[in-house]
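Student: Given the sequences, and given the hints that come with them, work out the whole structure.
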Amino acid sequence: MSILMKRRSVLLGSGALMLGACSKVHDSKAGESLFGAVDDWHKGLQRSLTARNALAPEFAPEDISPFFRGNGSTDPQNDGYPQHVAEGFANWRFTVGGLVERPLSLTLDQIMRLPQRTQITRHDCVEGWSAIGQWTGPQLSTFLDLARVRDAAKFIVFRCADDYTQGRYYESVDMVDAFHPQTIIAHRLNGEPLPVRNGAPLRARVERQLGYKHAKYLTGVEAVASLDDIGLGKGGYWEDHGGYQWYAGM
Amino acid sequence: MRHLVSTRLWHWINLIAIVILFMSGLNISNAHPYLYWGNWGFAPEQAWLAVPRFPGWMTIPDFYSLAKARDWHLLMALPFAFGLLFVWIAMLWNGHFRRDLATRKREWRWRAIKADVVQHLRFDFGHEGGKYNFLQKLAYGSVFGVLLPGMILTGLAISPGMEATLWWLVDLLGGRQSARSIHFLFAWAIFGFFVLHVALLLLTGPIGHLRAMTLGGDHEPTNPPFARPRHENGDSA
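So the protein lines, in turn, are chains R and B.
In this text, residue positions in the first sequence follow my numbering: the first is 1, and each later residue adds one.
In this text, residue positions in the second sequence follow my numbering: the first is 1, and each later residue adds one.
These are computed hints drawn from the structure, not numbers from a lab.
One thing to keep in mind: the hints can contain errors.
To be verified - Derived list of chain B stretches under chain R, where covered just means 3 residues or more per stretch with a C-beta under 8 angstroms from a C-beta of chain R:
(1) 28 to 34
(2) 41 to 47
(3) 56 to 66
(4) 69 to 77
(5) 159 to 167
(6) 173 to 186
Unchecked claim - Computed beta-carbon distance windows for the label pairs:
(7) L172(B) / N53(R): 18 to 28 angstroms
(8) D151(R) / G174(B): 15 to 25 angstroms
(9) E192(R) / L196(B): 45 to 55 angstroms
(10) L55(R) / V51(B): 30 to 40 angstroms
For each residue, glycine too, the CB sits at the ideal point set by N, CA and C.
Tutor: This is the structure in structure tokens:
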């Protein structure tokens, strides 16, 4: 009986310890690498169950939500962004650089003359909410092919114009998502030029991942072999400063 | 009665997984405490439920952190999902499901159900013959057949990375925000089962139950002192 009582106390005690220790486990080096691995496992599982170019669902015009909520930066004030708004983004440039054979610097007019893709998709924020909108813009692959991205490139980094408290926003995807047909550089939402709150003049759409991957206020993309030297090395502003998973498919 | 080693192993791994999933889930709920039906929803006026904010003692970690809560949630989702797959295969393989959990046609008769309910209300938990009585089979059956797999399916349905493959599942559930609402409701239904489960164990000899679920061996539930079996000689049929 007493041995059994002890067993139960050990069981309950270890349960309490486990819960109390969660924060400690999480912040340890081993914890950090475990959670990094978990992100990789989910990516591996999802990718093994999903065809490389399988499309996220696209919706009918009547499914579009009456408003498209803006989140994160919704009105950047840094580094001349308000000036660009006032000029109607006439002097905005979008660059394609890094590991490419032919770096590009494009105006919005040039971007609008490229082949366009229009898609009505659902945007899922990491917080839990969803909104549906119609996006128009060239596929990211169009830019990467024009610039002739090198084989050494393993990731595409999205460069943005908006500052957060700990620095400039940025995000990244691997080549699977960079060349996915629905990964576009959008300049229109619901047929209108992109509103400032949703990332004017250009934002990324990465339809099989959560909202924080869809970088706004794009100034360019950069092809890189590794994310180690970008920001703090985790592949995105929130990954670096907020602890979010780099792969955001779940 | 006797628990197989597959059941015992799964039971404790699943307990750890479910506790962490539930508590990290409440932290995630705090990030946007509104639930919607359909595919989209992003503002309080569209919500069918404004969820109360869960205090730190109910959540993992014990302060608001969507990122860390998601880390724990996604970690424990794996042993939870693969564990359930394992225990279902084991239950079908070793006959536990057919022998102990599947209900018989005669158990669905109103008189039999009424007798079972009355017996429970008298805190009389002895049962002759089978391992579990009808209400137990119903409870375990709903948990194994609906709530636990439902959590995995709704969890997959709210993962944008799976939707290119599982779009039909999202449609079946009524859209992503419906799937998210069901995920939340099922989580609380499992919590309800957990409370009932623990309460009934406490009433029927918790030490014996713990020993049987940990070490195995034979074990019969005992009635609490205030039980009122219909017949003193235990012939309650």
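Student: Could you run down the list of hints and mark each one as holding or not?
Tutor: Okay, the hints, checked on the actual structure:
{"no.": "1", "hint": "28 to 34", "result": "holds (count 5)"}
{"no.": "2", "hint": "41 to 47", "result": "holds (count 3)"}
{"no.": "3", "hint": "56 to 66", "result": "holds (count 5)"}
{"no.": "4", "hint": "69 to 77", "result": "holds (count 5)"}
{"no.": "5", "hint": "159 to 167", "result": "holds (count 8)"}
{"no.": "6", "hint": "173 to 186", "result": "holds (count 3)"}
{"no.": "7", "hint": "L172(B) / N53(R): 18 to 28 angstroms", "result": "holds, 24 angstroms"}
{"no.": "8", "hint": "D151(R) / G174(B): 15 to 25 angstroms", "result": "violated, 45 angstroms"}
{"no.": "9", "hint": "E192(R) / L196(B): 45 to 55 angstroms", "result": "holds, 54 angstroms"}
{"no.": "10", "hint": "L55(R) / V51(B): 30 to 40 angstroms", "result": "holds, 32 angstroms"}
Checked against the numbered hints given earlier, the structure breaks only hint 8 and satisfies all the rest.
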